[in-house]
Amino acid sequence: MSELDELYQEVILDHNRNPRNFGRLEDAQESEGFNPLCGDRISVFVKVEENRVVDVRFEGRGCAISQASASVMTTMTKGKTVEEVQKLFNLFQQVVTDSEGGEEAMEEIGELAALAGVREFPTRVKCATLAWHTLGSILEGQAGTAVSTE
Numbered sequence: 014m015s016e017l018d019e020l021y022q023e024v025i026l027d028h029n030r031n032p033r034n035f036g037r038l039e040d041a042q043e044s045e046g047f048n049p050l051c052g053d054r055i056s057v058f059v060k061v062e063e064n065r066v067v068d069v070r071f072e073g074r075g076c077a078i079s080q081a082s083a084s085v086m087t088t089m090t091k092g093k094t095v096e097e098v099q100k101l102f103n104l105f106q107q108v109v110t111d112s113e114g115g116e117e118a119m120e121e122i123g124e125l126a127a128l129a130g131v132r133e134f135p136t137r138v139k140c141a142t143l144a145w146h147t148l149g150s151i152l153e154g155q156a157g158t159a160v161s162t163e
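My numbering applies: residue 14 is where the sequence shown begins, and numbers increase by one.
No wet-lab data here; the hints were simulated from the structure.
Every residue, glycine too, gets a C-beta built ideally from N, C-alpha and C.
Worth double-checking, as some hints may not be accurate.
[Claimed, not checked] Below, in silico cross-link-like pairs of lysine-lysine (DSSO-like), each with a Cα-Cα straight-line distance of 30 Å or less:
1. 100 with 60
2. 60 with 91
3. 60 with 93
[Claimed, not checked] Computed beta-carbon distance windows for the label pairs:
4. 135 with 96: 25 to 31 Å
5. 18 with 62: 35 to 41 Å
6. 103 with 22: 24 to 30 Å
Could you build the full structure based on these sequences and the hints that come with them?
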């Protein structure tokens with residue numbers, strides 16, 4: 014395993030063991046996400062003011078990838094505009110689905126790059142993107158809807 018792979022693995026394990034921004038957020042918009050293939054369940058809570066994510070938290074259970082991705086998502090989206098969050102998610106999707114432009118996007122996604130290895134395992138892409146799809150449903154005005162990766 015390369016040093017970079019080891020670093021990425023450490024980032025995933027750290028965010029899984031010590032998730033950032035874990036727990037309910039009162040007076041926030043909320044949506045739930047479910048990945049039936051892996052059993053991941055997540056609730057995302059977000060407060061948006063003047064088109065900016067002022068606070069975001071999550072809770073749920075799932076595999077290390079889904080939990081780490083949700084944790085990193087909360088740290089990287091807090092303080093960003095809705096458009097910046099959507100751009101970050103699009104770049105992350107390019108990386109994990111190995112889409113055109115994915116390699117260039119690696120430089121722009123910060124700690125999310127630790128999850129790039131899921132592209133080798135297509136079923137794990139759903140684990141990595143579940144929290145993002147759930148947050149996206151809120152930002153697109155569909156708070157309260159259930160999101161499924163199927």
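Does the Cβ distance between residue 103 and residue 22 fall inside 24 to 30 Å? holds, 25 Å
Using the Cβ atoms, figure out if residue 135 sits within 25 to 31 Å of residue 96. Between residue 135 and residue 96, where Cβ atoms are some 29 Å apart, the hint holds.
For residue 100 and residue 60, compute the direct alpha-carbon distance and say whether it is at most 30 Å. holds, 18 Å
Hint check: residue 60 vs residue 91, CA-CA at most 30 Å. Holds or violated? It holds: about 9 Å lies between the C-alpha atoms, which stays within 30 Å.
Consistency of beta-carbon spacing, residue 62 to residue 18, with hint 35 to 41 Å: holds, 39 Å
Going straight from one Cα to the other, do residue 60 and residue 93 come out at no more than 30 Å? holds, 12 Å
Every hint, counting from the list given before, is met by this structure.
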